[in-house]
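Sequence order for the protein chains is A and B.
Using my numbering, the first residue of the first sequence is number 91, and each one after it goes up by one.
Using my numbering, the first residue of the second sequence is number 91, and each one after it goes up by one.
One or more of the hints may lead you astray.
The calculated EDC-like cross-link candidates involving lysine to aspartate or glutamate, where the alpha carbons are at most 20 angstroms apart (straight line), are [stated by the list, open to error]:
no., chain 1, residue 1, chain 2, residue 2
1, A, K386, B, E430
2, A, K385, B, E581
3, B, K479, A, D393
4, A, K386, B, D573
5, B, K385, B, E430
6, A, K386, B, E581
Simulated restraints, written as ranges between beta carbons of each label pair [said to hold, decoys possible]:
no., chain 1, residue 1, chain 2, residue 2, range
7, A, G627, B, H251, 20 to 28 angstroms
8, B, D631, A, S593, 16 to 24 angstroms
9, B, L98, A, G627, 48 to 56 angstroms
10, A, C583, B, L447, 44 to 52 angstroms
11, A, L208, B, D631, 47 to 55 angstroms
From chain B, some residues computed to sit far from chain A (all C-beta separations above 12 angstroms) [said to hold, decoys possible]:
no., residue
12, A111
13, Y191
14, V193
15, L259
16, W271
17, I376
18, D391
19, V492
20, Q538
21, L633
Simulated from the structure, these hints should not be mistaken for laboratory data.
The beta-carbon is built from N, C-alpha and C at its ideal position, and this holds for glycine as well.
Protein chains: 2
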Amino acid sequence: MQSLYRYLPILDWGRRYDRAALSNDMIAAVIVTIMLIPQSLAYALLAGLPPEAGIYASIVPIILYAVFGTSRALAVGPVAVVSLLTASAVGQVAEQGTAGYAVAALTLAFLSGGFLMLLGVFRLGFLANFLSHPVIAGFITASGILIATSQLKHILGVSAHGHTLPQMLGSIVENLGQTNWITLIIGVLATAFLFWVRKNLKPALRRMGVPPLLADVLTKAGPVAAVVVTTLSVWAFGLDARGVKIVGEVPQSLPPLTLPGLSSDLVGALLVPAILISIIGFVESISVAQTLAAKKRQRVDPDQELIGLGAANLGAAFTGGFPVTGGFSRSVVNFDAGAETPAAGIYTAGGLAIAALFLTPLVYFLPKATLAATIIVAVLSLVDLSILKKTWGYSRADFAAVAATILLTLLAGVETGVASGVALSILLHLYKTSRPHVAEVGLVPGTQHFRNILRHKVETDPTLVTLRVDESLYFVNARFLEDLIQSRVTEGCKIRNVVLMFSAVNEVDFSALESLEAINHRLRDMGVGLHLSEVKGPVMDRLKQSHFLDELNGQVFLSQYDAWKTLTKPNRVQAAE
Amino acid sequence: MQSLYRYLPILDWGRRYDRAALSNDMIAAVIVTIMLIPQSLAYALLAGLPPEAGIYASIVPIILYAVFGTSRALAVGPVAVVSLLTASAVGQVAEQGTAGYAVAALTLAFLSGGFLMLLGVFRLGFLANFLSHPVIAGFITASGILIATSQLKHILGVSAHGHTLPQMLGSIVENLGQTNWITLIIGVLATAFLFWVRKNLKPALRRMGVPPLLADVLTKAGPVAAVVVTTLSVWAFGLDARGVKIVGEVPQSLPPLTLPGLSSDLVGALLVPAILISIIGFVESISVAQTLAAKKRQRVDPDQELIGLGAANLGAAFTGGFPVTGGFSRSVVNFDAGAETPAAGIYTAGGLAIAALFLTPLVYFLPKATLAATIIVAVLSLVDLSILKKTWGYSRADFAAVAATILLTLLAGVETGVASGVALSILLHLYKTSRPHVAEVGLVPGTQHFRNILRHKVETDPTLVTLRVDESLYFVNARFLEDLIQSRVTEGCKIRNVVLMFSAVNEVDFSALESLEAINHRLRDMGVGLHLSEVKGPVMDRLKQSHFLDELNGQVFLSQYDAWKTLTKPNRVQAAE
């Protein structure tokens, strides 16, 4: 029963559902629904799919997340970065506008959902940690630039293609002659309006005495206003006949039952992108969920979140959608509007279903330029190049990871960019730990403490070298220690004993064990003893399972002071300052 | 001048060269030369090249290593594992026996030499550390099995091909009908004789009163005896006319001047194998060099070794050779025979040059089966499956890395095997550090020490949680800490302060910094303070470069005891036992 509650969180909050929660959830649902209609159409456009796909992707996935997810406020659906990744992945296997394209998007959602489910069931959510914060920040920033650029063609009313910045810009410049001036005017005005709404409307409304929540809702409804005004203009002046591209016919229907294509070619081509989309979507979603949960001292379970998002994506795959995840802006609106339980999501789904059934004829004359404008304004808020400055000041390794991720995402595409960022941050981490800090220490006079001989005035002994290793020992730094000890011992002829102080060593892997054995043999060949001190319990347990301690050409001392007392008696001298 | 000595170690030992060293080096050179002649022919056969290539690869490379290398005893030339890797890489771009095959082998040596040089000049020798000891051990064992299997065809006198164990065995079984019985008899007798020599000759000679060094040399000369006897047999009984495959004509010549092929196709196809060969060769060589150096309290410089091995491979590329490295058995013989300086290598090269000029007609009738027997006996000593047992007892992660390396090397080939082993050991390490040990600690009564509340009887306070983090914080475990703190704090309603004890944290990267900021914000939202204690100097320096400390919803305490005194005053209670 306990585990049923874990896998079906709805059983937990559903039992305690009351009238107050119902009314709060309903209000939140209405607000979110209004905001989601233009957003869903826009992200479908970004993903290269027909507009209704965006609405379908927001109905069943929301309901499934409400059943399986653990966040109270997360709103699941199409988001900008995942839509871009979808366009990039599906564009490689099918032509936009064909039936194959839509099927490939379903397959991508299916694979992504399956992968998330697997991670959740096997509790492998930690894999998402391989995406470091700088890599994510760099990737989101570069994606924002790519997405905004990809929408320029709709603003200009030209056709263009490409998945990297140079390709897109080149293609736009090439076709600049086809610019449709009416489209451009609509696009520029809509963009300017939306920027103004985002930046100035809320303070203006507050000054006019509008209560904060309403001001917030009106601000978020900016895109709806832009949609209404531009749609009416196109209809009134017949601008579609003058070359303004419009959304056109959108079927009036509930989400259809669809089947993802599962041919081995298609699966093979989309598997890696699906894994990437899953992990990036999960990272975005879990960050939002944890931030919102903390505000109410609730918690989310990352492994159960994987199952919730997996279910949502599987739902998208069978109901005409495309890959989805928990979005930042819609979740914040949901939270701010007072959603108390995932039931708010279910009501939102209901609202969208009504829209899909009855409201789609209203967007027939909606210009694509308006949708492009809402996308541009939304994603440019993601672009934050300050991460470059912040990481530069903090750590050059992190800076290198951000810079490489941004550059490669822009110049070589989203998949290459994020994969290189991950590989680089792992390599840089391994490099850092490959040369651990090792301090030669001596006794602080009058105490039992040992400190770095380079920083402190300490007692030493010419026959004894004590090295404090400030890192776990494993294969990447095992040989470093061998080299270090060999070079330290060959430079001092009087050395008779080496002590390794293990107070900061949390692990000794098999490679490091073999290095310690090699060090032991070599020191024995030189007539030098090897000792250990302050070995932690778990490390000692491991060492006892090997023959190292039997063969050790020296002793293991509980404390470094014991080692000092035993090994230096006749030779102690005062250190030079 | 100092740096000239560093890059040209010959200037250092050359100045002090005297008559005693000369005579010792000469004796060692004669012994090594005799051993190297059959070995060179055999490894050329293994690499799929004509026999003279093995001798050429042992002349100029030895001289160049003597000039640039830092080991006094290392003997450079073709070795079994690198020859196998050569056959595998070159076999993918050219047909064995063609001119293109020989050129590709030169290209491989050139690329490998260039890559080693680059690593040496940029002091990137640490990259070799990514090969963990278990991966190397597994790879060498699997390679030994593959090499021995690849030589079975010469023992049976059948033709066979393939680069994986199933391919080779399948191919041999298919052609078993063509077995040449005389070849088989020669091969089996030679193999049995060599095994007997290796196992029993030395003790037998010692019992007969032969001095140890001479006994050792006679044992190592076993392959020479096998070569002489089988060559004479083939010549005397005309066995080559009865289908026994022989070495045949070998040109009488000094190493020729050759040029590696540098077409972009060839370079592209061989670049990755060349990198692999370089790193594996370097790892083998540096282990031998360090072991021998330690016996005389000398040291080798790993970065200069890269330059020495790089020069040797470039030399091989321009003089009709193939990739080389420092070999274990030849180096040990050189060392045991009393070589004092790299000059011994130069004399060995002279001996081999004389052999190349005058002795090659003597091996005309040498059966290939004899060479195959010497290879089999040599490489089976590399096969050591005990590594599986040893790592199983010590650590399951290391066991998984060994097992995967062995299986994939045998079943999918050498490159896949070693690459998978490296990837798996990195992933397992990241996994281990992704869930660091975090202990909740309390005060040991009557002291200022804090210990794990699960293991010790300590004082705690319901309003205070102190977590000791036993690992550096970086992107792989940053989110783990977020989850841990969030779940710990949400389960206790009285908690008002969280202290993170940083005594074992050697690094906080940018991802971990952002996680700490997120933890700080979330705890503030919950009305809980976040404090740090015992932060190390370098970590504190880093944190001061960020805004974290300004925004910290709490304090940084020098010692955990200070934190305890400040935060618990009114609430202290005795812990339940």
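Violations among the numbered hints, reported as their numbers in ascending order:
Going through the list in order, the structure violates hints 1, 3, 7, 11, 17, 18, 19 and 21 and respects the others.
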